[in-house]
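Asker: Sequence:
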Amino acid sequence: MTKNVLLANEFGIGRGHIVQLLQTALALGPGFTFEAALYNRSFAAELAPLGALVYDGPGYVYDASRRTGPKSATTATWGEFLGDLGFSQRDRVRDIVMWWHNVLGQRRIDLLVADYAPLALLAARARGIPTIAVGQGYGLPPDHLSQFPPLHAGPLSRLHDEEALLDNVNAAASGIGLAPLAGLPQVYQSTLPMVRTLPFLDAYQGHRRFPYVLPKIPTTNTIAANGDEVFIYFSTQELNDPQVVDALASLPLPRRAFLPTASPETAARLAASGIIVETQPVPADLIAARSRLMVHSGQHGTLCLGLFAGLPQVAFPQHMEQSHHADAVAAQGTARVIGRASRSRDHITDTIQSLWSDAEMARKAQDLARSLRQTYVIDADEAARTWLKPLRDTVMFT
Numbered sequence: 001m002t003k004n005v006l007l008a009n010e011f012g013i014g015r016g017h018i019v020q021l022l023q024t025a026l027a028l029g030p031g032f033t034f035e036a037a038l039y040n041r042s043f044a045a046e047l048a049p050l051g052a053l054v055y056d057g058p059g060y061v062y063d064a065s066r067r068t069g070p071k072s073a074t075t076a077t078w079g080e081f082l083g084d085l086g087f088s089q090r091d092r093v094r095d096i097v098m099w100w101h102n103v104l105g106q107r108r109i110d111l112l113v114a115d116y117a118p119l120a121l122l123a124a125r126a127r128g129i130p131t132i133a134v135g136q137g138y139g140l141p142p143d144h145l146s147q148f149p150p151l152h153a154g155p156l157s158r159l160h161d162e163e164a165l166l167d168n169v170n171a172a173a174s175g176i177g178l179a180p181l182a183g184l185p186q187v188y189q190s191t192l193p194m195v196r197t198l199p200f201l202d203a204y205q206g207h208r209r210f211p212y213v214l215p216k217i218p219t220t221n222t223i224a225a226n227g228d229e230v231f232i233y234f235s236t237q238e239l240n241d242p243q244v245v246d247a248l249a250s251l252p253l254p255r256r257a258f259l260p261t262a263s264p265e266t267a268a269r270l271a272a273s274g275i276i277v278e279t280q281p282v283p284a285d286l287i288a289a290r291s292r293l294m295v296h297s298g299q300h301g302t303l304c305l306g307l308f309a310g311l312p313q314v315a316f317p318q319h320m321e322q323s324h325h326a327d328a329v330a331a332q333g334t335a336r337v338i339g340r341a342s343r344s345r346d347h348i349t350d351t352i353q354s355l356w357s358d359a360e361m362a363r364k365a366q367d368l369a370r371s372l373r374q375t376y377v378i379d380a381d382e383a384a385r386t387w388l389k390p391l392r393d394t395v396m397f398t
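Under the UniProt record's numbering, the first residue of the sequence shown is numbered 1, with each subsequent residue one higher.
Think of the hints as simulated: they come from the structure by calculation, not from any bench.
Possibly wrong hints are sitting among the right ones.
[What the hints assert, rightly or not] Here are the simulated distance ranges between beta carbons:
#1 Leu53 with Ile13: 19 to 29 angstroms
#2 Gln106 with Thr279: 37 to 47 angstroms
#3 Arg66 with Ala359: 41 to 51 angstroms
#4 Ala182 with Arg373: 36 to 46 angstroms
#5 Pro149 with Ser344: 27 to 37 angstroms
We put the beta carbon where it would ideally sit given N, CA and C, even for glycine.
Can you build the whole structure from these sequences, using the hints too?
Answerer: The structure is reproduced here in structure tokens:
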């Protein structure tokens, strides 16, 4: 008898969230049917190999109103981020929890796989449904902490009272028969956490009680060395910035791009400027063979591709998770980060052209790739299957 798995996502507009769910589902192996409740279905087609029933799920509306401007407060902790997402709204938290609780029962779900879906985890716990919490580290905090630790050094300014956020969650938990949580991080409690990142990219390195599972990285057969193109990958809102578009269009270097969410007008303009605009994802081996450097927004998977391929990288982070990951790679000496405040056309083109001719950074990127390949020799798919097998067997034979 097959078991029914629900893939859940409550926030995040990038392709990587859906790919993460797909990879976890595939690693479970045969014997399961899948359905997916997604906050954003833009990349739902990625789940086609599963034959999954896909439907709209609940999600959050991020309130950035107090995070913008020259004197705005930075997001000090993950709890602050949850407050901005809507955990500060008791009724909203309750409604989302009840939606999951009802669907889990109505759909007779046997296993929940959650990416960026803490309230789905909470609802599954109330129903006694086993759960897998999967993420890239930053968005999957350790659940044993009493409070969320700081995400950056320096003075911490808080816009939300974490205890008040916890009260809102506990009010919803009470409504589905759960005992109160002792700390807000416990909303991430799962049967099996699956943190898929490299240790130096993890914002919570040192707090983990479970080992890392090697992320599924589109690794290349060889380390890049002789490429003569700039490879560009923007997948969400990056091209809404006219300075970025102007810079890419005026860059006097060979360029190739995959821009799945670009408007037809923007794609046409960039193609007219000489950029080869691909309509499908470019295989990792071709990126390594053709490219001298990569330009992207700091997506976790794309950064990892560049790390293992030995390519210098330029990142345009769109949010704090991408900023953290990009900064971590920059600290290795193999990337530059262009923050929002410095995204003028001239600064962007100057930075990319500087890296184009930076032989020292190219050498560092290649050396780091060799080191990573020596350290992580296990196949990522096999690592995932091994990690999931005990829970998989329990679900299958219960």
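Asker: Now tell me, hint by hint, if it's right for this structure.
Answerer: Okay, the hints, checked on the actual structure:
no.	hint	in the structure
1	Leu53 with Ile13: 19 to 29 angstroms	21 angstroms, holds
2	Gln106 with Thr279: 37 to 47 angstroms	39 angstroms, holds
3	Arg66 with Ala359: 41 to 51 angstroms	44 angstroms, holds
4	Ala182 with Arg373: 36 to 46 angstroms	42 angstroms, holds
5	Pro149 with Ser344: 27 to 37 angstroms	35 angstroms, holds
Comparing the model with each numbered hint stated earlier shows that all of them hold.
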